[in-house]
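Model the full assembly from the supplied sequences, consistent with the hints where possible.
Numbering-wise, our numbering puts 140 at position 140 of the sequence shown, and it's gapless, one number per residue.
Treat the hints as calculated values from the structure; they're not laboratory data. Hints should not be assumed to be uniformly reliable.
Said to hold, decoys possible - Just the calculated beta-carbon pair ranges, DEER-fashion:
#, residue 1, residue 2, range
1, Tyr48, Thr184, 40 to 50 Å
2, Gln124, Phe101, 21 to 31 Å
3, Ala187, Lys8, 26 to 36 Å
Using N, Cα and C, we set each Cβ at its ideal position, and we do this for glycine too.
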Amino acid sequence: MRYSSSHKTETRQRILTMAALRFRAEGVANVGIANLMADLGLTHGGFYAHFHSKDDLVAQSCRQALLDMNEIWQAQLEQAPSGAGVKRLAKDYLSAAHRDFPDSGCAAAALAGELARHDKPTRQAFSEGLQALLRTLRQAQQCDTAAGARPALAPEACLALMVGALLLSRATADETLSDRLLQTATAALEL
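Rendered as structure tokens:
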């Protein structure tokens, strides 16, 4: 039976979405293609109609996850009060809810350490997603500056602080320290 091109596109998107979720929750190395496809009700062999390899899936799903995060940031920025764009992004990003649910959170904080050891195409896809986040942070800072606020840090430093604080807050078993990492990073971005 032949499927329409829209069915193939929808199936590919389902695979990307589930892979991004599972990679963030379990780590790339712990997600097998056979189990991923079975969880979607698809065959292992069907995977290769959509992706060349697991590395191809990792690259594309990470890029997509970061672009999805960027869409969330864009929506948050539109709702932010004048002069409080970076503050709004930081408040939601550096929240306990984001820390506690990595599977639905930012791929940068969940996967950066692991992706650093992947091939160049995967790291390039990750870079493309990061560039989108940086553009949005830059846009937030420009809006804040136009409203009279002065950004304390360059967009790259803001992103590094946000991702690093979230990553460390997830890694520690000390709840007080975890909360303090999020709070102090948020405060640093509000200066």
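Each hint tested on the structure:
About 47 Å separates the C-beta atoms of Tyr48 and Thr184, a value consistent with the hinted range of 40 to 50 Å. Between Gln124 and Phe101 the Cβ separation comes to about 28 Å, which falls inside the hinted range of 21 to 31 Å. In this structure the supplied range 26 to 36 Å is violated for Ala187 paired with Lys8, their Cβ-Cβ distance being about 48 Å.
In summary, the one numbered hint that this structure violates is 3.
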